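S.K.: These protein sequence lines are chains B and E, in that order. Going by the numbering used here, 189 is the number at position 189 of the first sequence; the sequence numbering is gapless. Going by the numbering used here, 225 is the number at position 225 of the second sequence; the sequence numbering is gapless.
Derived by calculation from the structure, the hints in this document are not laboratory data. Some hints could be false.
Part of the chain E face toward chain B, derived, beta carbon under 7 Å [as the list claims (entries may be wrong)]:
1) 225
2) 643
3) 644
4) 651
5) 674
6) 681
7) 685
8) 762
9) 789
10) 791
11) 793
12) 794
13) 796
14) 802
Derived pair list, reagent style DSSO-like, types lysine-lysine, alpha-carbon separation capped at 30 Å [unchecked claim]:
15) E:660 x B:654
16) B:660 x E:654
17) B:439 x E:755
18) B:805 x E:755
19) E:801 x B:591
20) B:602 x E:490
21) B:660 x E:490
Note that the structure is predicted; figures quoted are calculated from it, not measured. Here a beta-carbon is modelled for each residue, glycine too, at the ideal position from N, C-alpha and C.
Below are the chains, spelled out letter by letter.
Protein chains: 2
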Amino acid sequence: MRCANGDNSWAMTKQWVYLFSQGTADMRDLLGGKGAGCAEMTRAGLPVPPGFTITTEACNAYYESGERFPDGMWDQAMAALREVEGLAGKKLGDVRNPLLVSVRSGAKFSMPGMMDTVLNLGLNPETVEGLANLTGNPRFAYDAYRRFIQMFGKIVLDLEPAPFEKELEAAKTRTGAASDAELQPDALKELVTVFKAIVKRATGSDFPNDPYKQLEAAVGAVFRSWNNNRAIAYRNNNNIPHSLGTAVNVQTMVFGNMGDDSGTGVAFTRNPSTGEKKLYGEYLLNAQGEDVVAGIRTPQPIAALERDLPDVYAQFQTIANRLEQHYRDVQDMEFTIERGRLFMLQTRAGKRGAEAAVKIAVDMLHEGLITQEEAVLRVEAEQVDQLLHSRVDPNAKYDVIARGTNAAPGAATGQAVFSADTAEEWSKAGKRVILVRPKTDPEDYAGMIASQGILTSTGGATSHAAVVARGVGKPCVVGAEAIYVDEEGKRFTAGSVTVNEGDMITINGTTGEVILGEVPMIPPEISSHLSELLSWADQARKLGVRANADYPRDSEKARELGAEGIGLCRTEHMFMEVDRLPIVQQLILAKDDDTRRQALAKLLEFQRGDFVGILRVMHGLPVTIRLIDPPLHEFLPSYEELLVETTTLRLTGKDPQRLKEREDLLAEVAQMREANPMLGLRGCRLGILFPGITEMQVRAIFEAACILQKEGVEVHPEIMIPLVGHVNELRIEREALERVAQQVMEEQGAKIDYKFGTMIEIPRACIVANEIAGYAEFFSFGTNDLTQMTFGFSRDDAEGKFLLKYVEDEILPSNPFQTLDRDGVGGLMRIAIDGARRTRPDIKLGICGEHGGDPRSIELCNELGLSYVSCSPFRVPVARLAAAQAALTKAEKDR
Amino acid sequence: MRCANGDNSWAMTKQWVYLFSQGTADMRDLLGGKGAGCAEMTRAGLPVPPGFTITTEACNAYYESGERFPDGMWDQAMAALREVEGLAGKKLGDVRNPLLVSVRSGAKFSMPGMMDTVLNLGLNPETVEGLANLTGNPRFAYDAYRRFIQMFGKIVLDLEPAPFEKELEAAKTRTGAASDAELQPDALKELVTVFKAIVKRATGSDFPNDPYKQLEAAVGAVFRSWNNNRAIAYRNNNNIPHSLGTAVNVQTMVFGNMGDDSGTGVAFTRNPSTGEKKLYGEYLLNAQGEDVVAGIRTPQPIAALERDLPDVYAQFQTIANRLEQHYRDVQDMEFTIERGRLFMLQTRAGKRGAEAAVKIAVDMLHEGLITQEEAVLRVEAEQVDQLLHSRVDPNAKYDVIARGTNAAPGAATGQAVFSADTAEEWSKAGKRVILVRPKTDPEDYAGMIASQGILTSTGGATSHAAVVARGVGKPCVVGAEAIYVDEEGKRFTAGSVTVNEGDMITINGTTGEVILGEVPMIPPEISSHLSELLSWADQARKLGVRANADYPRDSEKARELGAEGIGLCRTEHMFMEVDRLPIVQQLILAKDDDTRRQALAKLLEFQRGDFVGILRVMHGLPVTIRLIDPPLHEFLPSYEELLVETTTLRLTGKDPQRLKEREDLLAEVAQMREANPMLGLRGCRLGILFPGITEMQVRAIFEAACILQKEGVEVHPEIMIPLVGHVNELRIEREALERVAQQVMEEQGAKIDYKFGTMIEIPRACIVANEIAGYAEFFSFGTNDLTQMTFGFSRDDAEGKFLLKYVEDEILPSNPFQTLDRDGVGGLMRIAIDGARRTRPDIKLGICGEHGGDPRSIELCNELGLSYVSCSPFRVPVARLAAAQAALTKAEKDR
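Take the sequences, apply the hints, and build the full model.
M.R.: Shown next as structure tokens:
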């Protein structure tokens, strides 16, 4: 630019203006996103309507000097305009062949709709006639003119829009036009006159006919729009510095409505839904962009352009290929054809569905377009989850009758049933059912397995229904509070809708929707493409990936999906099963040692069987088994139900025997009740006070391990003590339990490769991790509880009562139960890790909270240098990919 | 020692043996506590029975060389023995004038009763006769002999005690003696023979008659007792290193039973109960120490010795003075007079009661004996608390019928009443009453004030009863689970005891005892001595001391006791008062804005009055007011009670109108119920979701401040936002509330000196304190909640269910709700303080948890550099003293 016309005065001043041909993609700071994009396309040799960019520095200089253009800027802009006129073959204000331009804002970061744009600048009483002649379309020319006046009035002259709208309505009424589009050229001409009168009345001046005055005013207006209220608020909310300023882009207008050799359209270089390598899009001949959007005429598929305008199609095809090669990614392009000449208006990376994302990444690698690392980075980890579950066809229309918490992903359709027994029966009879309950209990387990999906009206993302559903990969919606479940009546209502037993419903566990009737579905698939991609991810990642699994079935699934071990096996779920619960209750309520011993002996049998099952499936891989964690009263009937029952029995006086029994039980339950059970007698506190249970569990683990080892199975149990807050807790528990372990191995004459470690889920444990590490061979961060205690949030209470509102109002950046809180919880984890490594440099560190399957949390885990993450089996592929991406991104940053 | 006999071989070996005259008080490592003490007394010129100490190094060398005395040790011991014989004028084994010695262990740290002692060593068939002649008391001589054989047998020869005991019983039966003391010389002589036969039978050898052999064996046995099981366990529990070893003290035995010119006694240099400067103690002539303890004869007061043995008394008086001057503290002394010769056996700092401690410290300063700093350090801070409450006479005997948690200190006697109304009535009628309830509620407040003390059968140290009682200084025992309160029957039972309305009971809130009937009491007093001591403390301390007070009455008391401001004024207690609760309920249950506004307007009146009251009392001092904190459902009836009531109403069908009402309320309460209310919708979360309440509170504070300022009262309100975990919470709350503050000041045309700050009670807040400090002018550590969340302990559940057991079993060093957990909670506080000061170097930092009144916690607060501690009004003097001691101790350490 500097030397384009040899004018030496330029050398004295800064370069405020860049032709598109002078910029590059990496000049976003100076040219803004749009300016840099146009420059990059122009540089790539694409037919971009010519134009230039006035820099963000000019904008800042404008503000600094009291809203005046900086010295030299306008001269530079005029010189650039001359160049553009040459490239376009048109001239601003030329009556026969007028150049029209758009004047658009364009900051470094996209601020969609926040700042201003003026289109069709350059029209005046003379050039509008020239445009009419050129297009042979006076209606179009005058419509453009009245729009220009209206837009210029609002944006540049800061006038109220209402008077213009009122006159427009009046014109339609007067001429009987049903819509703007039916207004005839004469009516539009008259509107132009009326609009100019409005301007004169409001400003005291005539509407400017001089295109140069128009341009000068428009550029100033766009600068000023940087500081309109909307823009300031947007920047505040999005942490965009106010000091950046906006660039201004002045670009030749092109028209797709100049006859049948003109047109406009959009296209992807590959199919964004399937990933197929073939142009995908649509266009309309003799039309403007708005017409495609308005949907008045039906667009043609892009392939038809080959027949309509073969040369243009061939050129477009070539350009599309060039763009893909240039950007090394699928492009989403907008184009206009003006009298047989193709112009590219925009190109950007194309958004794509999960399937397409995987296929495109793998294909592009095979095409040699991208590297293996790039392929891994191309697929959003979260998208992979969709491929592992049935999902609702995104094109389907359906009737949502309620919403709940999206507790386990995927969608399922089936007949509504209201008891676990019915679910089992109907399922055996070959029916597909959805189990609908107020909430689920351990005795519902078999019914849950037999169902396609689970719907509850109460409970949160850690309720029984949610945890079991995620473990077994069933779609699940919980806490759908708008529905009322009438168990006895075998129906539920949601507003005015009643769903009876046997009625077909669909639940979408990915979104939380409850839907009446059937909906078209897309089935799950682990394609060969996905397998390939994940194998590359495995090469790239530093973090191990394990699964949280409590049953052999889950463990098998986890292994199949690539888990390298079990990171959390919760033993209490085993206690909840229907045949065991009575024994557990017998144990808890025992009044003497004999009863207690008998119950423990029976449970030992069961638990040994459990561990044989899981350890066998996980042959050769480590299995972390957490000893009993929840408070004992969770295994007893509810206090409230007993209260109602005893009150009723007392009043009716019918069954004094049962009353006595229930009163006794009520007293027991009352004694064990806790004000804040989350912070009560559970975890290792239980193990220390009632050593019998944990000793039984350790015995079961080691007996199972010995049995399997004799069969030739390779076992690596890792015993995990929950809820340790003080080093003495771990010391005492470990000493007691190591004793049992040694004893069993002696009895069995075997030697098992095992480890002892602890959950880190109490804030105090993080602070004194250096001490705790003295007694732990591994730490597993229990980030669910750690988040609860670090924030002082009871998840059960917080999510419904205030947490979601906190996220909505941006008090918190995200739900800390879904994405690890980097500063707070992450800060504590960092303290813990530093402390632990000081004491035991080779300590194994993992995470087994639900965050283990969340990509952003996995990124933090990678940064913290954990050994592995553990998540529910169906999240394992997501975690593998996210771990790889985290490693690659970190390597990039560290470089 | 080295040169006593010029034997050069000694120069080759270490010095293993020290005469008492060779050691000093600071040689505890080498000589043990007892050896160093005897040395110090000897050095001070006191008549200590001569002896020597074999060092701890000798003990360690003994173990290292396979339980053999190190080279040279025995020779050194023999040389020392010769010196001792010279000093005592007796010789080991001398038939006419035999030296008897005691052989005692003595480690660096006292391990009471864990290791072994042999007395009367040196007796054999010849010397026993000599002793009989010398004392003229063959019974005494033979009793000493048979005891020696028995003791030597057990300790040195490791024999079972049972055979000796059996023979002793047989001898008594045979001779018809009712007790050991009635055994006659002949019987004892025969026992000696029988005992020697037992030894011969068990060991195959004769009992050693050679005193040197006896001594050699006894020294080895004492060395070995360092590693007996009891001693090892004791050291493990008390963190005493096993490597220290024990010293052995060999000391001349003296006998107080050698006639009427002999005797034994104990005495204090000042009265340990009143502090009066006068010898205080007792003695028995012609008796041994055991006789005083056994209580067979009644000892004489020490003053009587002046008449019995005037010379000895004068000498003792002089020695007592010397000792006090030497040790510069009250001494508790043991002495024996052997044939007119006074021997000091032991002297140590005398334990003293609260009153005495204060008087002695102040007196000694005035006597020029100690400095002001030493005086401040001489009184245990915790003792001061006793002086502020009535207390049970320590000499009284009484009948404890139950025990509970000692929730508020002091003792009170009164007639038991079972309702707050009765308490008020009876109190107005001039009766003293104790209010006995299952638990107290806000409506009981007036009745609590009217009572002498409060007793509840449920609840913990933070229950309503406990908090209110501490605030108003009433003795209180809560959670006395052994009592059953029958409200309707107006009585309570404790085991087999029934207490009816009007029966006299006493509660001891310092110990948690519930006592039947009246007990002699000592009334409270803030003596001039105490005032003087506290004024010295105020000069020494760095920490400010404020009080936690919710009412003008508490605030007045706090000021009177020296509080420099209010550190925590809890506004929710104001909501609980009987005339306000219905309005609060109206507010919570309001279905429309009008109702809500009306309720808020009424509450505004009340709150303004509350603040006027407190701010007026605290004229000139800062008052930190915490905005509403507890979950709203605490202001509504209990869910369980409503459940029972609706069930009953439904079954009886009697009152459908009320059933409907109660069902509606039940539904509301159910909606607000929380699984873990501690971690639920409370604190600033409430303020953010329902801004009306906190805005009303801030308006009330500022309106009150403006009113008072116009009256000339100097006000410094400090607004405190509770439960902040994320900086955005504080930012939003502060912005909203500052707005109200500015508005009120504008309305009133006033300018108030105020501050905005936050509680730090959520672990996350500590980690991100640097961010939070950007919006807080002060932090107040809420260490109650911070401890709950840092440990994951719900106090309500933990204390009863496992925490006390944790402390008992030494899993935790102390109850972290009483004494700040230095490593965990203290670690988080340190992180918070460092972060806060980085952002705002002059930030004011306080603590308002209950730890603010605990001396050990105050020491940590001083170390952390807090600005002030805040505690309940009656703890203020304790805190003043403890803060001074912390500052002095730290200055000493830093020196």
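S.K.: Do the numbers back the hint for residue 793 (chain E), that is, is its least Cβ distance to chain B under 7 Å?
M.R.: This interface hint holds because 6 Å falls under the 7 Å limit.
S.K.: Does the alpha-carbon distance linking residue 660 (chain E) and residue 654 (chain B) stay inside the 30 Å limit?
M.R.: holds, 26 Å
S.K.: Residue 660 (chain B) and residue 654 (chain E): Cα distance at most 30 Å?
M.R.: Holds, at about 26 Å.
S.K.: Next pair to validate is residue 660 (chain B) with residue 490 (chain E); report whether the Cα-Cα distance is within 30 Å.
M.R.: Roughly 26 Å separates the two Cα atoms, so the pair holds.
S.K.: Let's test the interface hint: is any C-beta of chain B closer than 7 Å to that of residue 796 (chain E)?
M.R.: Status holds, d = 4 Å.
S.K.: Starting from residue 805 (chain B), check that the Cα of residue 755 (chain E) is at most 30 Å away, please.
M.R.: holds, 29 Å
S.K.: Are residue 762 (chain E) and chain B close enough, Cβ to Cβ, to be under 7 Å, as the hint says?
M.R.: holds, 4 Å
S.K.: Is residue 439 (chain B) within 30 Å of residue 755 (chain E), Cα to Cα?
M.R.: The hint is violated at about 48 Å.
S.K.: Does the interface hint hold: is residue 681 (chain E) within less than 7 Å of chain B, judged Cβ to Cβ?
M.R.: With a minimum Cβ separation of about 5 Å from chain B (threshold 7 Å), the hint on residue 681 (chain E) holds.
S.K.: Does the interface hint hold: is residue 674 (chain E) within less than 7 Å of chain B, judged Cβ to Cβ?
M.R.: holds, 4 Å
S.K.: Can the hint on residue 644 (chain E) be confirmed by a CB-to-CB distance to chain B that is less than 7 Å?
M.R.: Holds, about 5 Å.
S.K.: For the hint on residue 789 (chain E), just tell me whether its beta-carbon gets within less than 7 Å of chain B.
M.R.: Where the cut-off is 7 Å and the nearest Cβ of chain B is about 5 Å from residue 789 (chain E), the hint holds.
The structure is inconsistent with the numbered hints 1, 17, 20, although it conforms to all the rest.
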